[in-house]
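2 protein chains.
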Amino acid sequence: MKNRELNARITAIGKEFFESIKGETPSVFNKELWFGKVLDWSMKNEDFKVRMFRFVDVFPCLTIGELLTGHIKEYFGSEDQEVPAVLRWGARSADFGGAVGAALLSKAIRYNLKMLAGQFIVGETKDEALKNLARLREDGFAAVVDILGEATVSEEEAEEYVKSYLELLDGLKIAGKAWRPLGGGEGAENLDWGSRPKVSIAVKPTSFYSQTKPLNLEGSVMHIMERVKCIYEKVIAMGGSLCIDMESYQYKDITLELFRRLRMEYRDYPYLGIALQSYLRDTDRDLAELLAWAKQNALPVSIRLVKGAYWDYENIRAKQNGWDIPVYTIKADTDAAFERHARMILENHEFCYLECASHNIRSIFAVLETARDLGVPEEYYEFQVLYGMAESIRKGLLYKAGRIRLYCPYGEMVPGMGYLVRRLLENTSNESFLRQTFAEETDIGRLLEDPEDSAERERARLAATAMKAVVEPDGLPLFRNEPVADFTKREVREAFPKAIAAVREKFGRTYPLFINGGEVTTDKKITSVNPADPSEEVGYVCQAGVEEVKRAIAAAKAAFPAWRDIAPRARAEYLLKAAEVARRRIYEFSAWQILEIGKQWDQAHADVTEAIDFLEYYAREMVRLGTPRQLGSAPGEKNHCMYEPRGVAAIIAPWNFPLAISCGMASAAMVTGNCVVFKPSSLTPVVGYNLAEIFREAGVPAGVFNFVPGRSGDIGDFLVEHPDISIIAFTGSMEVGLNIIEKAARVHPGQAHIKRVVCEMGGKNAIIIDDDANLDEAVPLVLASAFGFQGQKCSACSRVIVLDTVYDQFVERLLKAAKAKKIGPAEDPSCDVGAVADADAQKKVLRYIEIGKEEGKVLYMSDIPDTGYYVPITIIGEIRPEHRIAQEEIFGPVLALMRVKNFDQALEWANSTRFALTGGIFSRSPERLERARREFRVGNLYLNRQVTGALVERQPFGGFHMSGGGTKAGGFDYLLHFLDPRVVSENTMRRGFAP
Amino acid sequence: MKNRELNARITAIGKEFFESIKGETPSVFNKELWFGKVLDWSMKNEDFKVRMFRFVDVFPCLTIGELLTGHIKEYFGSEDQEVPAVLRWGARSADFGGAVGAALLSKAIRYNLKMLAGQFIVGETKDEALKNLARLREDGFAAVVDILGEATVSEEEAEEYVKSYLELLDGLKIAGKAWRPLGGGEGAENLDWGSRPKVSIAVKPTSFYSQTKPLNLEGSVMHIMERVKCIYEKVIAMGGSLCIDMESYQYKDITLELFRRLRMEYRDYPYLGIALQSYLRDTDRDLAELLAWAKQNALPVSIRLVKGAYWDYENIRAKQNGWDIPVYTIKADTDAAFERHARMILENHEFCYLECASHNIRSIFAVLETARDLGVPEEYYEFQVLYGMAESIRKGLLYKAGRIRLYCPYGEMVPGMGYLVRRLLENTSNESFLRQTFAEETDIGRLLEDPEDSAERERARLAATAMKAVVEPDGLPLFRNEPVADFTKREVREAFPKAIAAVREKFGRTYPLFINGGEVTTDKKITSVNPADPSEEVGYVCQAGVEEVKRAIAAAKAAFPAWRDIAPRARAEYLLKAAEVARRRIYEFSAWQILEIGKQWDQAHADVTEAIDFLEYYAREMVRLGTPRQLGSAPGEKNHCMYEPRGVAAIIAPWNFPLAISCGMASAAMVTGNCVVFKPSSLTPVVGYNLAEIFREAGVPAGVFNFVPGRSGDIGDFLVEHPDISIIAFTGSMEVGLNIIEKAARVHPGQAHIKRVVCEMGGKNAIIIDDDANLDEAVPLVLASAFGFQGQKCSACSRVIVLDTVYDQFVERLLKAAKAKKIGPAEDPSCDVGAVADADAQKKVLRYIEIGKEEGKVLYMSDIPDTGYYVPITIIGEIRPEHRIAQEEIFGPVLALMRVKNFDQALEWANSTRFALTGGIFSRSPERLERARREFRVGNLYLNRQVTGALVERQPFGGFHMSGGGTKAGGFDYLLHFLDPRVVSENTMRRGFAP
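Quick mapping for you: the protein sequence lines, in order, are chains A and B. With my numbering as the guide, the letters of the first sequence map in order to residues 9 to 1003. With my numbering as the guide, the letters of the second sequence map in order to residues 9 to 1003.
It is possible that some hints are incorrect.
Which copy is meant is left open, because identical chains are indistinguishable; a pair holds if it fits in one copy or across any two.
[Claimed, not checked] Below, computed lysine-lysine pairings styled on DSSO-like, alpha-carbon distance capped at 27 Å:
#1 327 x 260
#2 171 x 260
#3 181 x 558
#4 81 x 830
#5 260 x 532
#6 52 x 260
#7 851 x 865
#8 57 x 646
#9 221 x 646
#10 237 x 181
#11 237 x 339
#12 909 x 861
#13 909 x 242
#14 134 x 237
#15 139 x 751
#16 514 x 339
#17 830 x 260
What the hints contain is simulated information worked out from the structure, not anything from laboratory work.
Produce the entire structure from the sequences given, and follow the hints as far as they go.
This is the structure:
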């Protein structure tokens, strides 16, 4: 594409430019300034950088003096860190200087950080911003204005945001009139350089709809569109331009769709732009499609081409979810893509105006020279630079290219911190062009090199140092969690309605039991219905009675010796095959759950991936445990520890994770060499049958897995008390669990083993909101934890314990955010909360809401659809530990709010129930996070995240006290509960001789 | 000592000698011969050497064709081994050749191995031996004759052995008359070389008393003396000489004492010798004392100076027991010691005749030249060589030194195999002088070097490569088992009677409870008596009632939070301090057990060392578990697993390991952060008080350990059912255990935890005797397993399952051996079996003996003392699985014999009880040992050793089925039972940025 000549020209001009700006260090790299020093230190010391950036993040919350001094001490006070003098002094004085010292310090730090923020933010208020914009225009720079703010947790916040844009536009309208057009004013008075509106704003689409999510693309676009239209119409009215910013990858398709619709709707007005990110692998395709679309529809567009500012986030998110990484991992690949994309746009300049937004000198001159090379007239492109970044470049560039626009965010600090941290990262990252240029002595030739060459070299270097994939014993690759559904992918979004329709086709079938490798039918049937519409009968499942359970136990017992005696690796192989089956039929299995128990798309899919995780993980764990472990090192003897299965396991499963938990318990029992009698919940017998199908398809030998759906009242006790059952794995309520434990403890005639009960029971889980919590995260994650799958998870949050100082603020936002949740059938992706499991569940939850009304104050109760087992999502305030609402498991979308006077009380109240399952805390105080680690005594504690969604291997799951036996499903010790250890000691000495 | 001149002379003469024997390879190194080839292969291939020597060991048992071919296949048949052609051919033909091929092969191997044995053994019968001796004398060699045989498991076998010596002497008397004296016959007709009796025999003292043991030095010497006297008197009568061989280190002091007494008793007869081993570090002192004794008493002696043939064994045994290694670990140190010892003897030649027994040319000429240097007349020393070893050396030496005697063992193959294997090891070990000389091209200069120089060099080399001692986290040295009592040490032997006397002084005291750091007395007392003499009252222990238990639980509960919250390392420190206390007071604590519950010295001592092991091991385990374990590797999140104690643990302890098991359960509970309410058995409350003293002295905080002795009937259920108890650790009978499990499963109001029960219950443990078992080992180890501490161990053997083909032979030896066991008070070291725990135990065991009489046939019942709770040790034959004697735990010295038709049936019967605790097998079939590993399903399986005495860390102990919950005391997972796991997951991403 690019010829040598052009490249040589780029390099030559670039060198000249470097020469021209020599010695003009941008202020962020100026070590004479406080923040220049801090950034310098951050680049040298990774630990300090983490603390510093985190401190910057929390800083706007530290409005009370004590809070600020406390945090300074926690972040920078420890003796063992190297901390710049200015901070260390501060930290110590916070300790020893008493109130006066602390107040002074507080003031100093506050001042310095405001200075730092002011570096990147054009003003805290509209007026301040307008004043600064005028000044910038004086210097010859155009601007695009953006209001800070990213997280919109409620519709009211979204409305507020719209309102502030409308006010901004009012201000710009007035101010703009006074602005002289840049570039001489050959065109209309309203245009800079004769072609671009003087007034230009940018918006972040997700800010306009609090429930934006890829899963609900259509609904998200629709909601955003409605609000953006008000703004855009005002922009049009005043002859301005609007650019739709691109945020993280998950919203990309929503943003593109929004842009196209908006462009279409106002087809006659040309000044609508969109930002595209060159670091995305998708952008080649997206850009080509967009250009083709513009051309075809004769709708010229603007594109702000950026490299992308969420690189760390995209990487981490993809890795955490097991998805393909959407961004280039080699920095130079992004640079090369940027040049490629710019050229594509320039080649199509008739339909597309290019806003080249980069601080990279090589990129800038590559675009400039390419444009000249292609003979693109100047009015088809401009250059953009972020306010406060790379001042010397923007100044120099003004002389070279003329058309320079600054991206100018304004607004308050709190919502602006995300933006500020991104800018700090951008300046300090190892691969930052600015850092390399201004803070390090990087060779200019290298900086100006064709990025394709740089990328090639980097690729070669990586290939040379690439390590072989780590492989576990027996040739198995290392365990990785099965990726959760990536709804950014169209095919994933489309798979669900298709699978739901296909499953619905199968409604009304009858399902047999599965005993000793054969199907068994009985007369009595369980009728399974769709909880969102109980008139819809999902299927009829044969019911096992005592006779069938007896047969199943006998079959399992008979199959046991052979199953026990095959190699652990061979048993693991069956699990791996089962995982393959589940993977292949994942949408179908998800659809069954959506319709039989009311799980939302993502939740249903995650249930199946969790089942796959259990299969894959336990398979590997058994291979590990199957290798005898040597003990001691004395000569003349060999000691090995190995494991032995126990016999027949009864698996008594819940309805809330009808595939995942069933599969986890059953596969653990099986892979360890036990045989299984599986009783699914009678609310999810068809999903239970899915599991039987999985093991059947995987070829598990007859008798090893037996499927006996039935009413607990008919067969529960019989199963538990049967002398041939030696393990009971149960997940369900505390009442049933304790009954099982008690029944299983009695030894019956003919019984070979002391029964072991692996039980997971209820929870009454709390999340603590600390006084420095990031509420942008806390509010939506508390709601997700409390109302996801209608709160019907043992891990769900049912209490929020909020520190007094933030209580009102938190609750206000929480209530507003709760109102944005839509109640309706799980199969509808626009609904957030569905029906509860059945009429009993509904009755029980409604009863608790009544209790809640008496004990506390109902702050919110949603509406509910007329049919289906719905209950309103309910938030109850003024709850104290002595209330039943604070003590009993409700298992529905009911959330209790508790106000505490301090952190000690928060921990005390959090620990004050019979349960100890999950818990969470939102805090940015290192010390309190550490205290929570130690003193918030639950099986699974989560710091600054939702309290549901534990992943196999990474978050082994389970609680203690009355929440369970302290076993950890999906953890490294779990299989031991299904095994007995055996030690074999050999005397290897014979006649005084030992090897 | 040695001067340069002398050393130069030794080297020069040595070189000459080497020159003179050049090309004369001893037959064992002759690769033209079958066994030369086999030895050559063994030296090249360690795995083959192990298999070959083990095959040689088992070979004499393979009297049936099938057995032989089967073993050849198992030892040498696998494809993946490199095996010499001759064996591989054999192994394959055993498989494919069918009966004829196998028979031929069997014959060939049998022939070859007989040839090999014949190399080292002068004859299989007395007559053959005498014929060969005459031939040797023709060649100029004198001889000392020894009858093969080491293991004497019964007194009848000892008597047999005496008889065969007497017969040998009869034969020698007649044959000797015909022998011409060697060396010209200047002296009497009866003397060789004019000074040494023609007839010379050697004896192994332990063969004359089946119960020889260092613990009972006096008794051992007395019994051996009695029998050796018959032989010695006959030797004296015929004017011969007797040498007392030295065996393994443990018998050294017995042998020295025996020698001195014998020498004294027949003080006028000079020809009594003893072998001393230069490889022992003790020998410098022993030799000096012996020479001083001889001088002082004017009793000239002979010393056969050898280097020692049990090096591997001594090393292994010392390491297994944690003792100082009694032998030099640098080979050259032994060589140097040999020269040093020889010089000491030569310097005292007036009192001591030197028999220099070595094949090492350097050693031989060092002695010869030293003798000449000191001017010692020739008649004061002679040289000895083992028959069949180093023929060229002995021949060459005859010309140089004249006075050469061959050590000539004779006898049957089976008892001779130990000797044969030692000779093979001696020839093939890497440090063998013969191997270096004849099989490797070692530099002669090196071989003849002064061993002090060699040792110095080796020491320097080792020091250079020495690694730093491996240290565990927190600076703790690696765990090592506390050494068991080494009764070879006089101070240890003397410590016991002293401690027993001191403890007896304290009889009759009253002991308080210990609650919340203070002593509490009650009115009701438990009177503890000596079971060997119930009229002797050991002490009076205050009895806790429900009120005291309540107080103890409340104290434990109150102490819990603080104890939980201190660092794991700090809690571990208390255990380490407690271990120090136990170590310091070990003899006292042993003595209490000897007198309160009737443990023998060694058993009582081992109980205390096990207690120390638990303390030391659990301390380290808690440090390990105290470090949170990181899970998963996804970026942007940190997952850690850590552990949490549960609260108050009830420790309900047994009387049979009253300190060890109590200490193990209590310390596990405590180190994990739980507080303890400890109820000792009411049969051992004073030992229970010992444990309280230990923790008190260690400074454990008030309330953490509470001591509440009491009657189970009064307080057992209350303790188990109390809602504040969250762990119950119990060791005892199945009946009580199952009752506890059932009671603990019921949740009571106010209860915070589902109670966890860590329980170890009974056993009905079997040992299988395979058709190729080494009965020399099986017989005594079965008896030790069955009757040690009166069979009152849950691990004790109570069934022996014997394959039909060896049944008669095994049972005959077993019964004879059982008769040698002496019944009497545990405090008397000459007694093997003591009284059972109390009158109830006595009654119960006697009742089972009655049942045994009905079900089977009583083959042996010992006498018992008149007073004390004794029961006869009893062996009952003709028992089958359906008998109660084969199914119920007796907990006394009663052993059932079961005859099975084959190995399958042996495994089936072994696994046919409700229990699954310990088991054992004596077999030398690799395949059957492997099958037992897989199919003999017990918690602790032992191959070719006793089934009791599991050691902490090396043999984690515990069973399943009705033997226990599958927990493993002293194992790497044990502490987890006292903990709840907690997982903490932190979202480390803030504003898209993660460390």
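To test your reading of the hints: which numbers does this structure violate? 3, 4, 5, 6, 11, 13, 15, 16
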